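These are the residues of each chain, in order.
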Amino acid sequence: MKEEIELIKDGKRLDGRGFDELRPIKIEVGVLKRADGSCYLELGDNKVIAAVYGPREMHPRHAQDAKMAVVKFRYNMAPFSTDDRKRPGPDRRSVEISKVCREAFNPVIMRELYPKTGIEVYVELLQSDAGTRTAGINAASIALADAGIPMKDLVSSVAVGKIDGEMVLDLNAVEDNNGEADMPIAMIARTNTITALQMDGRLTKEEFERGLKLAVGACHQIYELQRTALVTRYNQNYESKSKREEE
Amino acid sequence: MKEEIELIKDGKRLDGRGFDELRPIKIEVGVLKRADGSCYLELGDNKVIAAVYGPREMHPRHAQDAKMAVVKFRYNMAPFSTDDRKRPGPDRRSVEISKVCREAFNPVIMRELYPKTGIEVYVELLQSDAGTRTAGINAASIALADAGIPMKDLVSSVAVGKIDGEMVLDLNAVEDNNGEADMPIAMIARTNTITALQMDGRLTKEEFERGLKLAVGACHQIYELQRTALVTRYNQNYESKSKREEE
Amino acid sequence: MKEEIELIKDGKRLDGRGFDELRPIKIEVGVLKRADGSCYLELGDNKVIAAVYGPREMHPRHAQDAKMAVVKFRYNMAPFSTDDRKRPGPDRRSVEISKVCREAFNPVIMRELYPKTGIEVYVELLQSDAGTRTAGINAASIALADAGIPMKDLVSSVAVGKIDGEMVLDLNAVEDNNGEADMPIAMIARTNTITALQMDGRLTKEEFERGLKLAVGACHQIYELQRTALVTRYNQNYESKSKREEE
Amino acid sequence: MGLEIVNDVRTDYVCDLVKNGKREDGRGFREYRDISVERDVIKRAEGSARVKIGDTDVLVGVKVELGTPFPDTPDKGVIITNAELVPLASPEFESGPPNENSIQLARVVDRGIRGSEAIDLDKLCIEEGEKVWMVFIDIHVLDDNGNLADAAALGAIASLLNLRIPNERYGLTGENTLPMRDTPVAVTTVEIEGNILVDPSFDEGNAAASSVTVISNADGTLSGMQKSGSGGLKEAQIAEMVEIGIEKAGEIRGKYL
Amino acid sequence: MGLEIVNDVRTDYVCDLVKNGKREDGRGFREYRDISVERDVIKRAEGSARVKIGDTDVLVGVKVELGTPFPDTPDKGVIITNAELVPLASPEFESGPPNENSIQLARVVDRGIRGSEAIDLDKLCIEEGEKVWMVFIDIHVLDDNGNLADAAALGAIASLLNLRIPNERYGLTGENTLPMRDTPVAVTTVEIEGNILVDPSFDEGNAAASSVTVISNADGTLSGMQKSGSGGLKEAQIAEMVEIGIEKAGEIRGKYL
Amino acid sequence: MGLEIVNDVRTDYVCDLVKNGKREDGRGFREYRDISVERDVIKRAEGSARVKIGDTDVLVGVKVELGTPFPDTPDKGVIITNAELVPLASPEFESGPPNENSIQLARVVDRGIRGSEAIDLDKLCIEEGEKVWMVFIDIHVLDDNGNLADAAALGAIASLLNLRIPNERYGLTGENTLPMRDTPVAVTTVEIEGNILVDPSFDEGNAAASSVTVISNADGTLSGMQKSGSGGLKEAQIAEMVEIGIEKAGEIRGKYL
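Top line first, the protein sequences correspond to chains A, B, C, D, E and F. Position 224, counted from 1, in the first sequence is what this note's numbering calls 224; the numbers after and before it change by one each time, with no gaps. Position 31, counted from 1, in the second sequence is what this note's numbering calls 31; the numbers after and before it change by one each time, with no gaps. Position 80, counted from 1, in the third sequence is what this note's numbering calls 80; the numbers after and before it change by one each time, with no gaps. Position 204, counted from 1, in the fourth sequence is what this note's numbering calls 204; the numbers after and before it change by one each time, with no gaps. Position 149, counted from 1, in the fifth sequence is what this note's numbering calls 149; the numbers after and before it change by one each time, with no gaps. Position 189, counted from 1, in the sixth sequence is what this note's numbering calls 189; the numbers after and before it change by one each time, with no gaps.
Don't read these hints as lab results, they were simulated from the structure. All values derive from a computational prediction rather than experimental measurement. Ideal Cβ positions, reconstructed from N, Cα and C, are used throughout, including at glycine. Some hints here could point you the wrong way.
Computed spacing ranges between beta-carbons, pair by pair [stated by the list, open to error]: (1) F:L161 - D:R164: 48 to 54 Å; (2) E:P97 - F:N7: 32 to 38 Å; (3) D:P74 - C:H59: 49 to 55 Å; (4) B:K152 - F:T73: 40 to 46 Å; (5) B:A63 - A:G89: 23 to 29 Å; (6) E:Y170 - A:E6: 22 to 28 Å; (7) E:E235 - C:G18: 32 to 38 Å.
Can you make the complete structure from the sequences, with help from the hints?
So, in structure tokens, the structure goes:
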């Protein structure tokens with residue numbers, strides 16, 4: 001929480017973004033063959049890939065739920081995704097993030113349709129640049145849709161934070177490392193329902209409220225990007241299917 | 001096993017006790033709400049809490065015994081219970097102690113009444129001062145009774161040791177660290193049946209026999225304290241129950 | 001892969017062997033009482049003991065194969081078997097060796113005769129001197145036969161390697177540490193079928209082919225030693241049985 | 001199995017009560033159970049506190065040991081927060097390494113302390129890059145009757161406020177107290193049937209779709225938040241939870257710290 | 001259970017095809033699927049490459065960090081090769097520590113690099129007995145559609161060829177590139193119904209009784225071999241596999257390295 | 001399941017025999033099976049011994065390596081005793097980390113050696129606080145036919161008596177032998193049907209309600225005891241067990257050490 005680095009100059013952030021500006025987002029749907037659904041997503045310098053398997057038989061049996069599908073969510077950082085090599089395997093941070101992400105999806109996945117099964121969501125961080133869990137949730141949301149898992153709606157996610165005393169959207173790594181606070185949220189954009197919320201650092205109540213508004217607005221933008229990616233994908237599929245049928 | 005510290009002066013131990021004197025014991029029965037039975041016990045500077053769950057369904061199933069209840073005993077030291085922070089989780093010492101304690105109770109618990117179930121005894125050392133396993137057994141004994149687990153009798157436990165060439169009762173940490181031998185035992189006081197016995201250090205056969213006698217005698221004292229604590233507790237329960245019924 | 005040590009002098013290796021010469025092999029069959037089959041084997045300074053259990057019920061059940069027995073193979077080095085004490089428990093090397101050894105036996109064990117069961121092969125390296133996995137396979141082969149596990153044939157194993165530019169048979173530790181390549185193989189000698197093959201280091205294609213020939217030849221020698229050990233053992237059993245019947 | 005059915009019945013009971021504006025134990029929606037804080041309960045620890053909120057019973061012990069700093073912060077001490085949900089404390093807890101619940105509990109408490117900058121980590125440095133104080137905050141849950149987060153966080157800050165730096169033990173001299181710069185307090189609220197309840201009991205915690213822990217400081221700023229549970233919340237509900245969090249934290253701080 | 005039956009059916013199908021001289025995807029027995037190698041895909045890694053062979057997708061990242069040498073090789077750097085078969089990549093993979101398949105994959109790739117002496121470990125020494133470069137080669141499988149070994153080995157050598165030594169990060173000066181002395185390439189062939197097929201697809205890998213990975217160098221020498229699978233092979237078959245291995249490695253080296 | 005029933009039958013058989021004053025193998029109650037001690041069986045170990053008691057077969061290897069002392073005993077060497085109940089030795093043993101049985105076995109052997117002060121730990125110190133000898137006593141059970149404790153303890157002391165300190169390996173000079181100050185010997189007795197039997201066979205070990213291992217020294221003093229098993233014992237029985245323990249230890253010491 002040092003503030004030696006000047007993060008805002010002339011009203012712009014170091015990477016030229018305005019306070020309420022997202023990093024560029026790139027989405028590819030259906031990138032993996034073995035997975036039932038998948039998505040590759042870039043959020044600034046974050047590179048993340050999400051895969052979904054299921055609903056399928058749940059092991060071990062005692063972990064089954066007789067009334068609904070059990071959602072498993074595994075957030076994992078590749079060893080080379082960070083400046084210092086990350087030892088393979090789950091650490092405390094990734095266990096907590098996996099829990100928060102799983103809970104972010106529980107309100108939308110129609111789990112009651114698939115009792116006794118498991119729906120498994122795997123998120124691999126290939127390159128990290130702060131906001132990894134939000135990138136992971138956004139990608140997972142699309143991978144779930146790509147897998148055909150019935151959902152009430154997509155989940156969209158973004159972080160806000162405080163740098164140089166200002167509330168700004170979607171911190172990158174330099175901002176996160178030198179900022180005063182970071183607050184990732186996930187929400188069902190269409191109904192303005194927040195399904196994940198964490199806060200680190202120090203914020204006044206007013207800053208918190210301002211930040212929340214900023215994040216909510218950005219989630220609507222992300223939702224549109226997610227929808228567009230899915231629609232494009234389905235049109236492709238439809239076209240290639242139509243083509244095949246014509247031939 | 002250095003003997004630089006003089007542990008006995010003028011026939012008294014450093015804390016003023018005589019050779020055959022126990023440290024002060026404090027017992028509270030039924031201190032936890034979630035557990036089926038529980039006991040908080042102080043033995044000198046030892047602070048220990050024991051809880052009992054069961055008889056209840058045993059997991060995993062292949063660990064069940066078709067003919068009787070399986071007793072699980074877990075002795076655990078809180079990380080802050082020792083001078084050097086203890087890393088959480090079982091170490092070799094606590095695994096061995098857990099085994100010895102479990103076996104100390106096997107002769108008294110009427111396990112054949114509850115086939116296929118598990119009876120779980122948990123002992124947490126909150127503050128340690130030598131003799132922790134004996135404090136744990138004494139507390140567990142009461143917690144088992146408090147949980148209503150049918151037992152042939154209570155188990156009582158104490159250690160004897162050798163300091164400055166003398167056999168004395170119930171070593172504290174300074175004595176244990178600078179003494180020549182330590183021997184914890186557990187017994188069914190009413191029938192003079194020894195159910196646990198370990199010895200560390202070096203003793204002649206005569207010292208061993210003298211020590212054993214000392215320990216056996218002290219277990220009778222402890223048994224009385226255990227009984228009293230339970231009777232007081234039952235009277236309280238009876239009184240409060242009677243009161244409720246009067247109201 | 002340093003070559004500072006001269007490993008070949010006057011056409012002989014440091015231990016006096018010729019290029020195509022095996023180290024002395026000593027075999028004892030049926031050395032353990034609890035195991036269903038066992039074998040103690042020395043290959044030069046390697047000392048290895050193998051035990052076989054089964055076919056017996058397979059745990060956990062989900063690891064069973066409904067159509068055939070599952071072979072488990074555990075190669076383990078005793079902590080004192082190496083110059084630097086080996087930490088107990090499996091490491092990556094022993095996990096890989098265990099897999100390779102298990103696969104070396106899969107073609108010969110008549111697994112389809114014992115569906116749902118497990119056949120467990122345990123190899124303990126007591127003293128190591130390079131070529132440990134080949135010693136282990138040779139011992140395991142005899143232990144399997146001693147346990148009465150139906151096999152199409154014995155498996156025999158040896159390594160070849162390159163030292164001071166020459167392809168030689170059955171490297172010892174000094175040769176292995178200072179050599180250029182090592183190639184352990186396992187085979188069904190009678191049918192010249194190779195069931196395990198690994199190569200480390202650097203070899204030309206011609207060296208590889210020459211080495212393979214050398215190894216194949218040596219496996220036939222080893223096969224004869226294995227057969228002889230088993231025949232001797234069965235004769236002993238037969239004799240002692242006959243004797244008992246006579247008495 | 002049996003347990004699950006019991007939990008379902010209890011959840012229904014709690015929800016019905018809440019719909020009628022009531023709670024199991026007769027409390028108001030914004031009312032805490034009785035709180036007690038007992039300090040310096042563990043001799044061997046450099047700081048300790050046993051916190052009870054109703055029947056929930058949490059013991060926090062803080063050990064301070066000499067160690068080496070992290071390479072990227074050579075001039076700062078180290079705080080390590082750990083929570084053990086030992087099976088003594090609940091029929092739901094199992095032996096074994098920390099699971100997601102104990103990890104989340106530890107990390108939320110840790111976050112509040114770090115976010116508030118209550119401890120000046122620079123003051124824990126003895127020799128840059130070589131020797132710093134390592135502060136181990138160990139949360140030991142004894143009886144889980146709901147709302148572990150608030151009890152654990154309160155135990156942690158209470159323990160830290162009475163911390164004795166063990167200079168003598170390591171042959172060092174210097175101040176044995178650590179001046180604390182803030183007093184973060186956690187307040188957990190849950191959403192049940194559209195209502196916001198503070199300090200959930202065990203059954204209320206189970207019945208709630210969402211739970212939010214808000215950690216706030218003496219000046220009313222926030223130094224940590226965590227939503228958990230499988231439900232969603234509206235912005236207005238979160239705002240209400242933050243409001244309650246700051247208000248209740250002030251009350252608790254005034255009474256118990 | 002369901003999966004196993006599907007696998008059996010597929011194995012029969014693959015075997016029938018091979019008996020008739022055919023493969024699932026119409027390839028010749030000695031033909032690879034399409035290969036692509038994308039370099040420097042991970043900014044945070046000192047070297048990286050994403051290799052696709054057909055639908056098989058493997059990402060290799062190499063991190064270079066300062067560390068202490070092993071006591072018995074005080075003047076040499078350290079290579080550590082690790083493979084993660086993350087459950088994202090296949091319905092067969094499970095979370096957890098490396099199993100025998102991921103360990104074998106890592107060790108085979110490692111063996112090829114060591115055997116070829118592609119990296120001069122002496123050049124990774126900074127201060128004898130004290131400071132050397134540790135090279136972590138991490139194989140991250142993204143989509144397992146067969147023949148992981150060849151993809152992983154190709155990703156590893158491609159990553160190493162572009163390695164940047166992070167001198168600045170540690171306040172050191174010196175060459176940032178590591179001169180590579182060789183380019184080991186792995187070629188895996190399988191035996192199915194007496195035929196030798198190169199680059200097995202997922203189903204072919206399952207159908208094969210034996211599989212041999214041959215790693216060879218620019219000069220045609222071998223620097224590693226590994227048979228796996230539960231079948232046996234004749235000398236002549238192995239000779240053929242080595243022959244194919246050397247030939248195909250030359251083609252891949254020429255096109256992609 | 002099958003195994004359990006067999007065990008019950010054997011237990012009944014053993015008990016019936018004992019009631020009639022007999023043992024499975026015709027021994028007297030105070031009679032050991034044949035013992036053999038083979039020394040220096042492992043070249044790579046600094047000390048080793050293979051002990052057989054009847055068909056029970058235990059190999060003990062001692063490795064001596066240079067290491068750093070524990071902070072609280074900077075002038076003393078370190079003894080670490082470990083036991084592996086490898087699945088080769090018994091159908092009951094399983095692969096995996098040490099369980100309570102192997103831990104107890106190692107700790108009882110360790111206790112005897114420490115209690116007797118057989119090794120002068122001060123003599124294992126090379127440079128106070130910096131360099132000491134670490135003595136790793138590894139108990140490797142090969143065939144478990146009962147009474148592992150006595151075989152393991154005998155193997156441990158026999159190995160230590162022939163220990164060679166590997167000074168040369170570390171470029172050190174000095175005495176290569178370690179003068180031993182005592183020879184602790186473990187004697188295990190069990191209680192079956194009110195009788196005390198020495199050196200229990202496998203079935204006797206299973207049939208016994210209680211088992212006591214008594215470790216005693218050359219001068220007849222005790223340096224360790226451990227009761228195990230789920231039965232209770234009277235004072236007189238323990239006294240008898242101690243008596244037998246000291247007597248038998250003397251015999252074993254005389255013959256085998």
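Structure-based check of all given hints:
1. The hint said 48 to 54 Å for the Cβ distance between L161 (chain F) and R164 (chain D), and at roughly 49 Å that hint holds.
2. For P97 (chain E) paired with N7 (chain F), a C-beta distance near 34 Å keeps the hint of 32 to 38 Å intact.
3. Separation of P74 (chain D) from H59 (chain C) is about 51 Å and conforms to the stated range, judged on CB atoms against 49 to 55 Å.
4. The given range of 40 to 46 Å is respected by K152 (chain B) and T73 (chain F), whose C-beta atoms sit roughly 44 Å from each other.
5. Remark: the range hint 23 to 29 Å for A63 (chain B) to G89 (chain A) is upheld by a beta-carbon distance near 27 Å.
6. Between Y170 (chain E) and E6 (chain A) the beta carbon distance is about 26 Å. The supplied range of 22 to 28 Å therefore holds.
7. The supplied range of 32 to 38 Å is broken by E235 (chain E) and G18 (chain C), whose beta-carbon atoms lie about 23 Å from each other.
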